[in-house]
Amino acid sequence: MNDVALTTPMFGWKELRAAAGEDNSALITDFTNLYEYSDIVTANPTNSTAVDLSSLFGKESGRFANDFGSVDIAFYAAKGAPINYTPLENDTFGFQLWGWRAGPGGPGILLCQSTSAASCLLGDSTLGFDPTTGVALTAGALWCDTLAITNYWIETIAVYDSAIDRTAWLHIPDLRGIRHLRCEICTALGVVADEAANIAAVITAV
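Throughout, the numbering used here is defined as the position within the sequence shown, counted from one, plus 1189.
Calculated directly from the structure, the hints in this document are not laboratory data.
The reader is advised that the hints may include incorrect statements.
Derived DEER-like restraints, expressed as beta-carbon distance ranges [to be verified]:
(1) 1329 - 1295: 19 to 27 Å
(2) 1210 - 1337: 17 to 25 Å
(3) 1323 - 1218: 33 to 41 Å
Positions of the beta carbon are idealized from the N, C-alpha and C atoms, including for glycine.
Full structure from sequences and hints, please.
Below, the structure written as structure tokens:
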């Protein structure tokens, strides 16, 4: 019997954004001087950092970064920390997803964003363990189950399993050379009673 080689790399979930407070109080609409490659580390967001996909996925399972071109992204809200917040179904948030090529220069590219600062909703599907580490989470964390987005990327960024109380996720079918990603969250916690906090984003390569 011949051995069968799997042609699709099998990657686990990785952290795109740790559970934290908001980066911005609203979706960015003034793009003056936003962003350059040098801004990957030094730009406005207070909690999000850019993730180097080549380092994140490049050597798992003997694979290299050019063995994948697409990624999936999901969101959840953690309970209790770093903000004292209990996730509730239908709490809302917004996001913007930025990408950069390898550098050493060039613009930040807005790949997609939520249709508003409140168009992403938590569902009632709980998670007991951090999907990137397997470490137990404080009981009460909830997956995001609704994503409504505006796509700016050359490829259609799809939303799957949305608005049915499970886990909604983004699928980017082809990164076309994008190496760095950053997910910025806006929630303006405290302005509206149903706004979410402690939003984390996880990513896997396909």
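Results for each hint:
1. 1329 - 1295: 19 to 27 Å: Between residue 1329 and residue 1295, where Cβ atoms are some 41 Å apart, the hint is violated.
2. 1210 - 1337: 17 to 25 Å: Hint holds: Cβ distance 22 Å, inside 17 to 25 Å.
3. 1323 - 1218: 33 to 41 Å: Given a distance of about 39 Å, which is inside 33 to 41 Å, the answer is holds.
The structure is inconsistent with hint 1 alone, although it conforms to all the rest.
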